[in-house]
Amino acid sequence: TKYQNWKDGEVMHPEMEAQFDELKALGFNFDISSCYEKTRSWDDHYEKLVEYKAQNGNARVPLKWKADLRLGKWVQLQRKAKRTKKLSEEHHEKLENIGFEWEIPREEQQQQQQEQEPNIITQAKV
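Each residue of the sequence shown is one higher than the last, beginning at 1 in my numbering.
The set of hints was computed from the structure by calculation and includes no laboratory data. Being a predicted model, the structure only gives us computed values, none of them experimental. Hints may contain errors.
No more than 27 Å apart at the CA atoms, straight line, and that leaves these computed lysine-lysine pairs for DSSO-like [unchecked claim]: (1) K73 to K94; (2) K73 to K85; (3) K48 to K24.
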């Protein structure tokens with residue numbers, strides 16, 4: 001990212017450097033890794049998915065869902081694990097039991113993304 005390049009010493013346009021300095025002075029955290037819980041187990045993710053489904057009526061968590069960045073990625077990984085035959089039978093069964101959708105038609109993905117737009121992180125230009 002541009003911030004990482006700046007932090008690593010790359011010379012930037014003076015206006016951009018000033019913007020980074022201002023944001024840092026305001027306490028802006030450029031490191032989003034704290035948004036990702038590295039110690040969440042499969043069962044913890046599953047419980048979060050069950051909560052999401054209860055609130056939203058489906059288990060189609062957007063990949064970049066603001067409320068829980070890690071959950072959207074985890075859902076994507078479950079689909080991939082099934083495709084590559086790396087998902088355990090126990091986990092497959094648990095997901096099936098809550099009505100997990102293994103494939104979502106592209107049109108429906110696009111529609112959901114438009115409906116969820118305020119809740120999805122998009123790349124901001126600095």
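**Request:** Check each numbered hint against the structure and report the violated ones by number, ascending.
**Result:** 3
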